[in-house]
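We have chain X already, so just place chains R and F on it with the hints.
In order, the protein sequence lines correspond to chains X, R and F.
So the first sequence is numbered by this note's numbering: it starts at 1 and just counts up by one.
So the second sequence is numbered by this note's numbering: it starts at 178 and just counts up by one.
So the third sequence is numbered by this note's numbering: it starts at 748 and just counts up by one.
Think of the hints as simulated: they come from the structure by calculation, not from any bench.
Since the model is a prediction, treat every value here as computed from it, not as a measurement.
Among these hints, one or two may not hold up.
Said to hold, decoys possible - With a straight-line cut-off of 20 Å between C-alpha atoms, the simulated PhoX-like cross-links for lysine-lysine are:
1) X:Lys-40 x X:Lys-119
2) X:Lys-6 x X:Lys-37
3) R:Lys-446 x R:Lys-375
4) X:Lys-128 x R:Lys-584
5) X:Lys-45 x X:Lys-129
6) F:Lys-922 x F:Lys-1056
7) X:Lys-137 x R:Lys-584
8) X:Lys-129 x R:Lys-338
9) X:Lys-128 x R:Lys-446
10) R:Lys-184 x R:Lys-338
11) X:Lys-45 x X:Lys-62
12) F:Lys-817 x R:Lys-471
13) R:Lys-604 x R:Lys-584
14) X:Lys-128 x X:Lys-85
15) R:Lys-496 x R:Lys-476
16) X:Lys-129 x R:Lys-669
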Amino acid sequence: MGKHRKLVQYLILAFVLLVGGYAIGNSLFTSSDALAKGDKPPAFKLADLDNVAHDWSEYEGKPVILNFWGTFCPPCRAEMPALQKQYEKWHDQGLELVGINLSEDQITVERFAAEVGAKFPILLDRDKKTERAFGLKQYPTTYFISADGTIQDVLVGGPLDEDDLEPRIERLMNGRK
Amino acid sequence: MLIQNTKCECGHQNPVGTVLCESCGKPLFEEAAGAEDAPLEMRYDGVARRSQKQNPHLIDRVWNFFSSVKIAIYLIILTLLGAALGTIFQQESTFINMTTDEEFAAYYKETYGTAGVIYHALGLSHTYESWWFRGLLVMIGASLVICSLDRVLPLYRALNKQQIRKHLQFITRQQVTYSGEVAGDETAWVESFKKQLKRRGYRVHQDGTALLAEKNRFSRWGPYINHIGLILFLLAVLGRSVPAWHMDQYLALYEGETRQIPDTNYYLKNDDFTLELYDESELASNQKGKAVPKLFETKATMYECIEACNDPTRDPVLKQVEQHPIQVNSPLSHGDLKIYQNSYQARVRFISVNVTLTDTVTGKAYGTFALRADNPERVYEVGPYTLRLNDYFPDFGLDSESRPMTKTRDPNNPAFAFTITGPDLLKDGETYLYFPMPNEESKAYQAILNDYYVKNGQSSGKFAFKVENAMSGGKMVNVTFSEYTTFLNIRKDKAMPYIWVGAAISMIGLIMGFYWQHRRVWLRIDGGTLSLGAHTNKNSYGLRADVAWALARTGIEVPPKSLDNRRNLR
Amino acid sequence: MNWIDLSSNVFTAAFFLYCAAFICYAIAVAGKRWSNRDPQGHTARWGRIGFIAAIVAWVLHLVFFFARWKGQGHIPTSNMYEFMTFLAMAIMFAFIVVYLIYRNSLLGAFALPLVIIIVAYASVFPSEVQPLNPALNSIWLRIHVTTAALGEAFFAVGFAAALMQLIRVVDLERKDKVGVRSRRWTEFSLVAIILIVGFLVSVFGFRGAGYEASFSQETVEIADDGTVNSQVNEVTYSLPPIVAPYNSETVDFQAFLGMEKPLFEAPSWMNGVNAGRKLNTVIWSVITGLILYGLLRLLARKPLIAVIKPHLMDIDADDLEEISYRAIAIGFPVFTLGALIFAMIWAEIAWSRFWGWDPKEVWALVTWLFYSAYLHLRLSRGWQGTRSAWLAVIGFLVVMFTLIGVNLVIAGLHSYAGVS
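So here's chain X without its partners, still in its complex pose (with noise of 0.2 Å):
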């Protein structure tokens, strides 16, 4: 008896281990929803203004930006040419620019790309999922993700310009040699 009695100890002693080192661990490193430097950012299937389907996994692998704007936000409006000149400079080399639009409108978003030269590749989130996904706070955000699939830097809104564009592009490329 004294022996399945011990083990009866050690087995309900460890249990309370397991579960109240979960309960407080739990406490302890709650993640916050936001991506942050050296996270994977989520995959997402989205529709471009051509209604085609694109999905991450076509980007992965190759230095992506990727910017999160709207119509409705000024800097997110201010920043477009700027995004559309480094396009046009390093999209050649590989670079993959690309805008996620915040759920609005396509015609709204189709107008406003036309108005403002935008020709990058600019898909449409749908009632916030994307956005959700990765957590936005603010707009716009602009993600530089590495050709290795990790977050290399994030700028939380705008107007970017040529100085913050420039380095952290030069960045991206170089890490991928």
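Below, chains R and F alone, put in the same frame as chain X:
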């Protein structure tokens, strides 16, 4: 640790820690000298708790720590103090719009000054999520398990094999005692006393002239059942932190809007929101003139996506699964999901309009078409003309460079830009900007901008958009607005059934333990002298009444109070 | 006459009958040493009269409750006035239950003042019928509030018995530190009760005299979206303002005893709703209470415990302890069910979470934990007797803080209408 001789004079070998001999009940050692007549310590019937043993190991020490009621009380008090501290200032979790630690720090400094800074720095601003508060709850849980196990098994054994004839000391040192002479036949008296106790619901065991009567033993299990319920409850609470078991989302929907419930395959539509206010006559004097809601309700329809759910190029195909008017105390539920009315906001939003293309000069109507805020159609054929939607601003405004833009994503004040082509029009078509909201600001914008197009040669000013018979019978017919945005809370909580079961078990245990009392009466007659002792864990008043009642019916009249052994002490 | 009028008339009658019942009990306790009387017969007779009066008052109280229910269409437990009157009714019920078990009529001499004070306290709040907030329109809420109040009522009876026990056992002769301390604290519990009476006297006194002063207070609030709103509110006082609201201007001030302006302004950190006015009320309660206490001491020329103690000598301290413990033991499961389990069920239905760490919830839990500790402490003999009586007294303080203090000091979801 004190080494005692645990062998009783009756020959029974007791485990270390035993207070009263497991067999005959003789006190094995005195707690204090000179307490010879003091009532006995009857906790757990004087049996050794499991944890009381010699030479404890580390594991035993941990076990002993949690098995102590004293520790349990300390834990309860600490939890109590911690919980109370958390109510001094508002907790972080009550602020929906703040997330980062810096924001919270700033808020506490701003609102509560130095005390707030200290409060936040100590982590008291998130007391209930903190590691130490959780730790206390975990320790209470451990204490519940170990304390109970440590006591319930020995107690069960002790109560299961009770000796009828107890040691004289055991009997005379109970909290309720009587001793006196019994006249006449001893066995006959015991028989009649037995009968009386049976009438009072006791189960009686007899051994010659010794007697053991017992009732409501089950109430002794009450505390342990309560503790089992509490453990289950605490485990269920912990289970809620498993992501798949728990979901908590908010959805804001204006009337007519359909949105996907995040992280699910379900969509929710706000068909209609109604707000009823109390009549002026129903209000108390200090409420007069205020809008006091009587009822608010969201008529909601829940859909499940059955096709094209993850295809961004197509609209999802939805199938209705549930329909329910959601009120504060009446959520919509579907499977694990429950959708609650959280709050609402009065905010006028455009939904759709049946607009008529008319001639500004002749007033002629060319035709009517339906225009909606959500995903508007691109092309409309009206009479001989083609209207092409050129741009759409759900919440019209101008940016810093005076270009039209939308201020938000919500159709608060939409503007639709059309190009109209057809016979006898300008070569590039006529531009027309339409504002469906009937407010002054938007109508002013509409007039100014359309005038500008005429001046600029983009329009001949031939057309105007009108809503015909906007009002009919006191109701708007050709225009639909949403007056309110409803805020719904979507919850999934798979742990809930366990929580309720835990609470119910705990409640059953409490009722068992508090509303019934375990009562036992021992007696023996030695040479004409009756010694009677009785014990209960609660309500000795009732026990005394029982004993006095039974004694009275066997010819011994005693006032119940005189049976109280504790009283004789003072 | 409609139901509401009926109910308020009946309520007034019930209040005076409670007072009459208390006087009977007081005669029962105090009058037994009056000349040419048989002490036992006297106590029994007046105790019985008191009990009957209390029962009649309670029946009227029930009539009030059901008439008001009928009149307003929902159970009258939805604001502070209604809740407090219900609590008083529940305490009477608990007293009757305990009386039926123990037949100790003198318990009424302590339970009734409690009922009277709570009824009077209820009357501080506007008694006007208010329409029901939709969130409160749930059967579970009604069950939750009534059951919780019933549990608390048993704690109240436990408190009354414990206080009697403390006065009964206090040693008036003992000169050492322990003796002085126990005398001082027991006397202090009585002073605390007199301060509450002081609060009632000052509120009703000045209300009767029609006193009013008002201030305009500017409050700056930072809204959820970060915008700063500045609001000017008028704060009306019904007691002469010793303390003005923080950041306020005097609008109207009736001079009182030569005091023509507030003596000082409430500090900024007191940020509850109408903090300045509450502080002012507390100061007035203390002043009036201390004057009352002073008068009583002047009349008696000895500590109040020394006045009361001789009348309690016939009661056994162990009986009181038993009653106190039993009342709490009866109340504990009821309280658990009402204040925690039913509250969770309602919270789950109305607010979609069974537990939200709302201050009121937390304090219900604190109360529960406190009484759990009490029950566990009683397992060891060292904590029975006086110590456990003190715990019963403190426990009831925690209950009262949960019921009233939380609403006054901490704002939360439970803030009842008409609290200030």
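We went through each hint and held it up to the structure:
no., hint, verdict
1, X:Lys-40 x X:Lys-119, "violated (26 Å)"
2, X:Lys-6 x X:Lys-37, "violated (49 Å)"
3, R:Lys-446 x R:Lys-375, "violated (67 Å)"
4, X:Lys-128 x R:Lys-584, "holds (17 Å)"
5, X:Lys-45 x X:Lys-129, "holds (10 Å)"
6, F:Lys-922 x F:Lys-1056, "holds (17 Å)"
7, X:Lys-137 x R:Lys-584, "holds (18 Å)"
8, X:Lys-129 x R:Lys-338, "violated (66 Å)"
9, X:Lys-128 x R:Lys-446, "holds (16 Å)"
10, R:Lys-184 x R:Lys-338, "holds (18 Å)"
11, X:Lys-45 x X:Lys-62, "holds (17 Å)"
12, F:Lys-817 x R:Lys-471, "holds (18 Å)"
13, R:Lys-604 x R:Lys-584, "violated (32 Å)"
14, X:Lys-128 x X:Lys-85, "violated (27 Å)"
15, R:Lys-496 x R:Lys-476, "holds (17 Å)"
16, X:Lys-129 x R:Lys-669, "holds (19 Å)"
In the structure shown, a violation is registered for the earlier hints numbered 1, 2, 3, 8, 13 and 14, in ascending order.
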